[in-house]
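Can you make the complete structure from the sequences, with help from the hints?
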Amino acid sequence: MNDAEYRRLVKILTVRACRALRVAAWKGEDRVLEGSGKSPADYAAETLILWGTNQLPFTGPAEAVPAFLTKVMTNKIVSTLRKREVKTARSGKTTLADELTEDVSPQSKPESLFDIRSLLRDDAFRAALNQCTADDKDLKEYVEVIEMFEDGIPAARDIASLLDVSVTDIYNRRKKLARRLGKHGFSESRRRS
Amino acid sequence: MKKKKNEENHLAESLEESLEALFGREEDLTDAELDEELDACGMDPAELQANVHKQLLDYANHHYRTLDRDVPENLERTLRALRPPSAAEKAKAAVRSAENLIGGFLDTAKAKSSEILSNALPAQARQPQFAFRNKKELSAADKDLLRSEQEDVDSSEER
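Note that the protein sequences, when read in sequence, are chains X and B. Letter 131 of the first sequence, counting from 1, is numbered 131 in our numbering, and no numbers are missing. Numbers given in our numbering equal positions in the second sequence, counted from 1, plus 1000.
Please keep in mind that the hints were generated in silico from the structure rather than gathered at the bench. Every residue gets a Cβ at the ideal spot worked out from N, C-alpha and C, and that includes glycine. One or more of the hints may lead you astray.
[As the list claims (entries may be wrong)] Cross-link-like lysine to any residue pairs, in silico, SDA-like; alpha carbons within 25 Å at most: (1) K140/X <-> E1036/B; (2) K137/X <-> E1036/B; (3) K1002/B <-> T80/X; (4) K71/X <-> L1057/B; (5) K71/X <-> L1079/B; (6) K38/X <-> A124/X; (7) K38/X <-> L1057/B; (8) K175/X <-> Q1049/B; (9) K137/X <-> P154/X; (10) K1090/B <-> L1057/B; (11) K137/X <-> G1024/B; (12) K71/X <-> A1040/B; (13) K76/X <-> H1063/B; (14) K38/X <-> E1013/B; (15) K176/X <-> V165/X; (16) K183/X <-> A1040/B; (17) K1005/B <-> I153/X; (18) K38/X <-> E1027/B; (19) K38/X <-> E1007/B; (20) K176/X <-> G1024/B; (21) K38/X <-> A1046/B; (22) K71/X <-> N1006/B; (23) K76/X <-> L1146/B; (24) K1004/B <-> V72/X; (25) K1005/B <-> N75/X; (26) K76/X <-> K1004/B; (27) K1002/B <-> P57/X; (28) K1092/B <-> E5/X.
[Said to hold, decoys possible] Now the in silico label distances, taken between C-beta atoms and shown as ranges: (29) N54/X <-> E1047/B: 25 to 31 Å; (30) D169/X <-> E1017/B: 19 to 25 Å; (31) K71/X <-> E1047/B: 24 to 30 Å.
Dropping the structure here:
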């Protein structure tokens, strides 16, 4: 990989970390994940350290490095979210040590937000989606179509054919939604701090 | 332990699929689009690069250089690629961008002024005058005009 590809890799990893935290830890936590003290940039740096110090077994071609590293980092985020101390900090309550073994509050179950169906049923995420799509009927339509697919995750071309628009149009709607949710998450976290 | 790892892998896959369905793949974004999304999340791409570089540098210093150990090649290469520009490089880049800005400004001004001039002048003025009369050979009308003018001058002198 050349210098420009490394610089791009940092951006790809950080955008992924922002998206993953925004979705899986829905509390507007783009900046720092409560309970772990890690920001998206920290996750990107940590992943690059693992890669740089040859701690990740990878033998594929250079083009596959970004996909491999984003996967590694996503696993790490999932693992952090499942840690007891992160769950407890995120639920915002003080808990006795022996109560930590069983914590069944929905807030403490981030895994319920990893699946798209559950995610779209999550009140907080739904509210954020509604706010981000309120003034844009194309985005609203896009979210509604995703919800329509009960089984599996729809591909861009399936959504495009259902809406009778081009696949490029769907890609553009996705990018717009990501940016809007990013902005929303960021302003939410600023409001709370 | 292995079961927990498998479960986490499965959850991570599920999360990846959800992210892709909602937002598409990060790798498909252009550099400008990545910057836009970072900006939407309140991050400056240059600051981000400097932040990540610092974390990697601290790690390399702490775990390798201070222990007199060689920094792994991959980490060294990543550090080199992410190194923020030095003050001299920044100054050079600023000069270059100022030159480009001024050059662009002058080009635009030149193009605009020639556009305005070409629109403001009448159509005939924009055409070169290839045909002209040989002033040595006066026409009859010219001769009459000259004669009458001369007569006016003479008569006014006589008065």
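Check: Looking at the structure, which of the earlier hints fail to hold?
Finding: Per hint list: single violation, 23.
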